[in-house]
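We have chain A; now place chain B onto it with these hints.
Letter by letter, the chains look like this.
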Amino acid sequence: MAQADSPFQPRPVPGQPSVSKLVLLGSGSVGKSSLALRYVKHDFKSVVPTVGCAFFTKVVDLGASSLKLEIWDTAGQEKYHSVCHLYFRGANAALLVYDITQKDSFHKAQQWLAELEKEHPVGEVVVMLVGNKTDLGEQREVTLQEGKEFAESKNLLFMETSAKLNDQVSEVFSTVAQELLRREKVRKSHTPGNEAVDLNEGPARQARCCAH
Amino acid sequence: MATALGGGLGGWGSAHIQDGAPRSWERVTGGGEAAWAGPQITGSWGRLAGHRRPRRPTNQAFPGARAMAADNSKQFWKRSAKLPGSIQPVYGAQHPPLDPRLTKNFIKERSKVNTVPLKSKKASSFHEFARNTSDAWDIGDDEEEDFSSPSFQTLNSKVALATAAQVLENHSKLRVKPERSQSTTSDVPANYKVIKSSSDAQLSRNSSDTCLRNPLHKQQSLPLRPIIPLVARISDQNASGAPPMTVREKTRLEKFRQLLSSHNTDLDELRKCSWPGVPREVRPVTWRLLSGYLPANTERRTLTLQRKREEYFGFIEQYYDSRNEEHHQDTYRQIHIDIPRTNPLIPLFQQPLVQEIFERILFIWAIRHPASGYVQGINDLVTPFFVVFLSEYVEEDVENFDVTTLSQDMLRSIEADSFWCMSKLLDGIQDNYTFAQPGIQKKVKALEELVSRIDEQVHNHFRRYEVEYLQFAFRWMNNLLMRELPLRCTIRLWDTYQSEPEGFSHFHLYVCAAFLIKWRKEILDEEDFQGLLMLLQNLPTIHWGNEEIGLLLAEAYRLKYMFADAPNHYRR
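Quick note, the sequences are listed as chains A and B, same order. At position 85 of the first sequence (counting the first as 1) the number is 85 in the numbering used here, and the numbers step up by one without a gap. At position 227 of the second sequence (counting the first as 1) the number is 227 in the numbering used here, and the numbers step up by one without a gap.
Source of the hints: derived by calculation from the structure; they are not laboratory data. Hints are not guaranteed to be accurate.
Taking lysine to aspartate or glutamate and the EDC-like style, the derived pairs with C-alpha atoms no more than 16 Å apart in a straight line are [said to hold, decoys possible]:
#1 B:Lys308 / B:Asp409
#2 A:Lys154 / A:Glu184
#3 A:Lys164 / A:Asp43
#4 A:Lys79 / B:Asp330
#5 A:Lys154 / A:Glu124
#6 A:Lys45 / A:Glu119
#7 A:Lys58 / A:Glu78
#8 A:Lys103 / B:Asp528
#9 A:Lys58 / B:Asp528
Just a sample of chain A residues kept apart from chain B, beta carbon distances all over 12 Å, derived [as the list claims (entries may be wrong)]:
#10 Ser33
#11 Lys79
#12 Ser174
#13 Glu179
Predicted model only: the values in this text are computed from it and were never measured. Glycine included, C-beta positions come from ideal geometry on N, C-alpha and C.
Just chain A, with the same shape it has in the complex (with noise of 0.2 Å):
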């Protein structure tokens, strides 16, 4: 998105939580639209595939500060992938969704990553990985240990879920936030000024309306 290539920062309204950008890739029929619909709507239904994209958001309260998320929800399909590229972009922040029962999703987040990784220098987007679907223990076909080990041998965030039992769902959602807002200290402190991993360069684009 435009945002991402301009070299106009924006700041934060005053009183308004900073924005960040998050996109779920994966797969189809991994989970991605019910981890989103269970986090932003409280729900788990029956989804139609999604087409495109879909957007939420939703602010996440952190007690001290809080952070409002754009969420883009990706179409699993990989047809779909030129579309998917323009959602990438001005990305903050990642959650790779694989299904625990299909061996064949957990090496697709592997390449989504790769994808990523072609946008986004490595550590630029929080990036975390999600075995979604452990109410379905008993077809697992990706150990626990597996995901832990290529999340570990990437530095990701890894966790596993269940958007129908409403299992880690948050808990998710509020790590990677909580640790957007620690990257954003950090760099902060140690570099301002730097762009590595600017929060504020995300789409806050109520703060943009007055370039026009």
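Chain B in isolation, oriented as in the chain A frame:
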């Protein structure tokens, strides 16, 4: 934006429907807003004439698409059925292979369309078109002249503008009456009587402009509609709670029956009659004819159907086992995980038998079209055909129908017919689904271009808040608005798409533009990116029925008329 947040997952999720409902209801009942077409049009004309600003570069995220769109923009506006994805197959790619009688019909049909504007210089465009299409009984048998004239799209745009504006003005005038009457009385039942009698009175007055009024008389009861169940009855497109069948509807049905049973169905006439909507009773056979699947000659129909159905099940026999082979595995797996998620809220589609039918249709289509293969969204496109062909055997509500009560033969017919008609549709829009989906990118750019010309305010509003058209309109193109409208509306929309030359590939763009502008007030009320996106992906159409689709189509027709053949009109 709690209300619009809704399901948000791109479909007709229940939460989404529920949340959207109150807004939609207010909109329908709210006095001034309901007549959106009228005042708004004048507004947009004002804007059109007024401001011309240099175009700004847009969509930086898609430099390639932009360049492509720039290259194609001229061709696009001069579209002449040459573009990849244009829908010639409606006429051209017949099944069975080219029948001389059909070809003759096709030529005749083309020439007849052309005669329409020539017959009357004064009343052309939509006015004339509507007269010819909706008042079927008015059409005499004196239409045999053969003209090789230019298409009616090339008519003087002033005439088009004037008549279109007149049509829309009439629309809004007619709508004002009942709304006013409602505001003066709180007694709904009594009011209902008033409305009903007024529309009856209108019906009995057979004046020359019935064609304009008749499609609208139902709208007058619009503010009084009962609330439709959340999962609206898909089989019942008459969402207005109007009386079962009016005199006019009976006459229309009679006209259809006559056309369909004549030795050689006049396809031109059938298109004209179908444009304003096909009666439910004759929709299955009409759709088969309009899609080019069924021959116009009644004698050949049974044989053709038999042959095509056998051909389809031949494919199944030959190819369906290959679904688990390595090279087709990915295709099948994707279809297999998408089918249970297609129309998840409608019980009909949760039946294993129905899901198996969908899987077979999609798999066979995908492997026969390797350039695109299966793309999410195509699964939705089977649904209207399936429902319409199923409705042939179902008296009651289709959405809860248990298909195991049907015979094997019936199910096979429904399946094969759905396959062939869907194939016909997709033939015309295949570039929507080939690599990188060029058809969609092109159409989204075209939509942006069109909106920038017809409603600069909305266009600038999007730019101001950095809303990209692709972010919401991708789905509009990919799923032909099916995710934005209740199924009954999609079915009604497709009556027209199949009657309109290049309906799915070209006319759809104008419908999208009309659809977007329909929400201009709501759009302009949103003052941040998030609010706009939430609105645009959850537009409250759950209460929509034939009336709204009729207005939408009239507006789309006007836009097409104004812009399709006028690449430089109102260029900014």
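With a cut-off of 16 Å on the C-alpha distance, tell me whether lysine 164 (chain A) and aspartate 43 (chain A) pass. Given pair lysine 164 (chain A), aspartate 43 (chain A) holds - Cα atoms ~9 Å apart, limit 16 Å.
Once the closest CB in chain B is found, is it more than 12 Å from glutamate 179 (chain A)? holds, 22 Å
Between lysine 308 (chain B) and aspartate 409 (chain B), does the CA-CA distance stay at or below 16 Å? Roughly 14 Å between the alpha carbons, so the hint for lysine 308 (chain B) and aspartate 409 (chain B) holds.
Going straight from one Cα to the other, do lysine 58 (chain A) and aspartate 528 (chain B) come out at no more than 16 Å? At roughly 14 Å apart (the allowed maximum being 16 Å), aspartate 528 (chain B) and lysine 58 (chain A) satisfy the hint.
Next pair to validate is lysine 58 (chain A) with glutamate 78 (chain A); report whether the Cα-Cα distance is within 16 Å. It is violated: about 27 Å lies between the C-alpha atoms, which goes past 16 Å.
Would you mind confirming whether the straight-line C-alpha gap from lysine 154 (chain A) to glutamate 184 (chain A) stays at or under 16 Å? Violated - the C-alpha atoms of glutamate 184 (chain A) and lysine 154 (chain A) are around 21 Å apart, more than 16 Å.
Far enough from chain B: is every CB of that chain over 12 Å from the CB of lysine 79 (chain A)? violated, 5 Å
Are lysine 154 (chain A) and glutamate 124 (chain A) close enough, with their CA atoms no more than 16 Å apart? holds, 13 Å
May I ask you to check that serine 33 (chain A) keeps its beta-carbon over 12 Å from the closest beta-carbon of chain B? Nearest chain B Cβ is 5 Å from serine 33 (chain A), so the label is violated.
Going straight from one Cα to the other, do lysine 45 (chain A) and glutamate 119 (chain A) come out at no more than 16 Å? violated, 33 Å
Does aspartate 330 (chain B) sit within 16 Å of lysine 79 (chain A), going by the straight-line distance between their CA atoms? With Cα atoms ~12 Å apart, lysine 79 (chain A) and aspartate 330 (chain B) stay inside 16 Å; holds.
Mind checking the alpha carbons of lysine 103 (chain A) and aspartate 528 (chain B) for me, to see if they're no more than 16 Å apart? violated, 41 Å
Going through the hint list in order, the structure does not satisfy hints 2, 6, 7, 8, 10 and 11.
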